[in-house]
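S.K.: Okay, here's what each chain looks like letter by letter:
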Amino acid sequence: MRVGAGEVFGFLGPNGAGKTTVVKLLLGLTRPTGGRATVLGAPIGDRLTRRSIGYLPELFRYQPWLNAREVLELHASLIGGSAGPSPSDIGRGLEEVGLADRANDRVGTFSKGMQQRLGLAVALLGGPRLIVLDEPTSALDPAGRADVRGIIAGVRDRGATVFLNSHLLSEVERVCDRIAIVDRGRVLASGSLDDLLGGEVLRLRVTGLAPDARSELAQFGPVTAGGDDWLSIGGVPPDRHPDVVAFVVRRGGRVHAVDGGRRGLEDRYLELIRGNQS
Amino acid sequence: MTIVTIARLTIAEAVRRRIVLVLIVLTLVSVSLTTLGVERLVSLARASGTNDLQVQVGVSQILILVAFMFSFVLAMTAAFLGAPAIAADLESGVAAAMLARPIRRAELVLGRWLGLVLVVVAYAVASGLLEIAGVDAVSGSAPPYPFLAVGFLAAQAVVLLTLALALSTRLPAIASGAICVVLFGLAWMAGVFAGIGAFFGAGPLVGAAEATRWLLPTDVLWRGTVYGLEPSLIGAIAGQRVGPAANANPFYASAPPPTAFVVWSAVWIALVLGLAIWSFSRRDL
Numbered sequence: 001m002r003v004g005a006g007e008v009f010g011f012l013g014p015n016g017a018g019k020t021t022v023v024k025l026l027l028g029l030t031r032p033t034g035g036r037a038t039v040l041g042a043p044i045g046d047r048l049t050r051r052s053i054g055y056l057p058e059l060f061r062y063q064p065w066l067n068a069r070e071v072l073e074l075h076a077s078l079i080g081g082s083a084g085p086s087p088s089d090i091g092r093g094l095e096e097v098g099l100a101d102r103a104n105d106r107v108g109t110f111s112k113g114m115q116q117r118l119g120l121a122v123a124l125l126g127g128p129r130l131i132v133l134d135e136p137t138s139a140l141d142p143a144g145r146a147d148v149r150g151i152i153a154g155v156r157d158r159g160a161t162v163f164l165n166s167h168l169l170s171e172v173e174r175v176c177d178r179i180a181i182v183d184r185g186r187v188l189a190s191g192s193l194d195d196l197l198g199g200e201v202l203r204l205r206v207t208g209l210a211p212d213a214r215s216e217l218a219q220f221g222p223v224t225a226g227g228d229d230w231l232s233i234g235g236v237p238p239d240r241h242p243d244v245v246a247f248v249v250r251r252g253g254r255v256h257a258v259d260g261g262r263r264g265l266e267d268r269y270l271e272l273i274r275g276n277q278s
Numbered sequence: 279m280t281i282v283t284i285a286r287l288t289i290a291e292a293v294r295r296r297i298v299l300v301l302i303v304l305t306l307v308s309v310s311l312t313t314l315g316v317e318r319l320v321s322l323a324r325a326s327g328t329n330d331l332q333v334q335v336g337v338s339q340i341l342i343l344v345a346f347m348f349s350f351v352l353a354m355t356a357a358f359l360g361a362p363a364i365a366a367d368l369e370s371g372v373a374a375a376m377l378a379r380p381i382r383r384a385e386l387v388l389g390r391w392l393g394l395v396l397v398v399v400a401y402a403v404a405s406g407l408l409e410i411a412g413v414d415a416v417s418g419s420a421p422p423y424p425f426l427a428v429g430f431l432a433a434q435a436v437v438l439l440t441l442a443l444a445l446s447t448r449l450p451a452i453a454s455g456a457i458c459v460v461l462f463g464l465a466w467m468a469g470v471f472a473g474i475g476a477f478f479g480a481g482p483l484v485g486a487a488e489a490t491r492w493l494l495p496t497d498v499l500w501r502g503t504v505y506g507l508e509p510s511l512i513g514a515i516a517g518q519r520v521g522p523a524a525n526a527n528p529f530y531a532s533a534p535p536p537t538a539f540v541v542w543s544a545v546w547i548a549l550v551l552g553l554a555i556w557s558f559s560r561r562d563l
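Top line first, the protein sequences correspond to chains Z and B. Under this note's numbering, the first residue of the first sequence carries the number 1, and numbering increases by one thereafter. Under this note's numbering, the first residue of the second sequence carries the number 279, and numbering increases by one thereafter.
These aren't lab readings, by the way, just hints derived from the structure by calculation. A hint or two may mislead.
[Claimed, not checked] Covered stretches of chain Z (in silico footprint by chain B; criterion: 3 or more residues with CB under 8 Å from a CB of chain B, positions within the stretch not fixed):
(1) 29-41
(2) 51-61
(3) 72-78
C-beta atoms are modelled at their ideal positions from N, C-alpha and C, and glycine is treated no differently.
With the hints as extra help, turn the sequences into a complete structure.
M.R.: As structure tokens, this is what we get:
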């Protein structure tokens, strides 16, 4: 498995699939029992490479007796180096995650959502080249999730790579360029969303269509029949959807529903996971 | 540099979590009460015609008992500050965020150790010297080697702190703290057994007890504190009348700990600290 520079990479899998273990291996928090991997060109666990990595752990906890600014100052000094984050970087970081007005409040008084926002600011500190986010929206409300999507887009725009661990398929589908689906320590599939989900699919719920007319639908693309009178026609671009509907109606069919677009990530995910577990 | 950052963080934690405040209040309360007690006893003794030498011997024994209480408090403080130092950060997840930074695990262990050593030693020295000065002020009798006594007291705390920190790299905080307190008690009892065994000429008992005292040097260091607080007259009397069996008394020391033992204590601290670093560096988080 490979994650390219500048990508937003989604790492998906059920509980216990090994997602957090992979993250800990990448950061040198856990040692591998075998195999090898590299991060930013260095073997995993390399100490100085971690200067270029930001990390939001799944279990995000920061010293409750420090205030938000002090947590960022602590991490700035742990990053070290001559080009370490400055006080103005810290101020900007707090602003980016919406904590500027709570900068001097103790972390112990923060809600879970605010602590996760602080964790994001810690992960983004110093403009890292790789940002590893382990379930970054688990404690956030819908507005917070939208903010995180915006932050991830901003990170991608400045050319950094994002490694996103999540079970929230809708989030992953919205922000990731490429994804991998893992289960029980194995990668079941990886690639771009197009690779994993295939191209456009037009789904129609149709009754009263004669069998010969139904086979003529193949002129638009490969037809597969689902349950409850649903038909799927592959490779139909959106601008041809009205043509398909007009054809069905002309041939005496009754159209009850039309659903254009791609196959959902959830369907593909469940298919892979259930296939692996059966 | 990272070690200093972590040490400062550790001290800041002790201040913000009011540990330092509690230690200061406890010191003031215990020094005030014990000094008041000594002042009353000395006044009563003088009023009943006790001579100065007897007063001096009596005060030295009270001071040794107070020091013993303080050494126990200090041991508990060291054990329960050291025990969560690594374990609690691992359990809460605070450590994971820090160790994902470009720091060595050794730096985290050494920084934690240094910060806690400074807190515990400052507590031992300030509290110990204040007690000795208070007793001197109300009784006019000062121990022969106050700095030596306080130094050994602080060293004893550092030994336990280091052990608790090392255990906390693998064990939960409560288990580490409990182990330290039990071992501290065992080492103290080993000192008593070694003295009794020597009196009866029980070689294997003395051997086992002495080995225990070397494995955890707290009791021998405690005897150094006693030696520093004890007027030389007591050593002379006990040596003549009781002989070697006097060493079974945990509140008596015929001599300061040998230099070799003091060196061993320093080596012991370095070894256990090294073990803590080795253990923590190999632990998967």
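S.K.: For each hint, tell me whether it holds in the structure or not.
M.R.: Each hint, compared with the structure:
| no. | hint | in the structure |
| --- | --- | --- |
| 1 | 29-41 | holds (count 3) |
| 2 | 51-61 | holds (count 7) |
| 3 | 72-78 | holds (count 4) |
The structure shown violates none of the earlier numbered hints.
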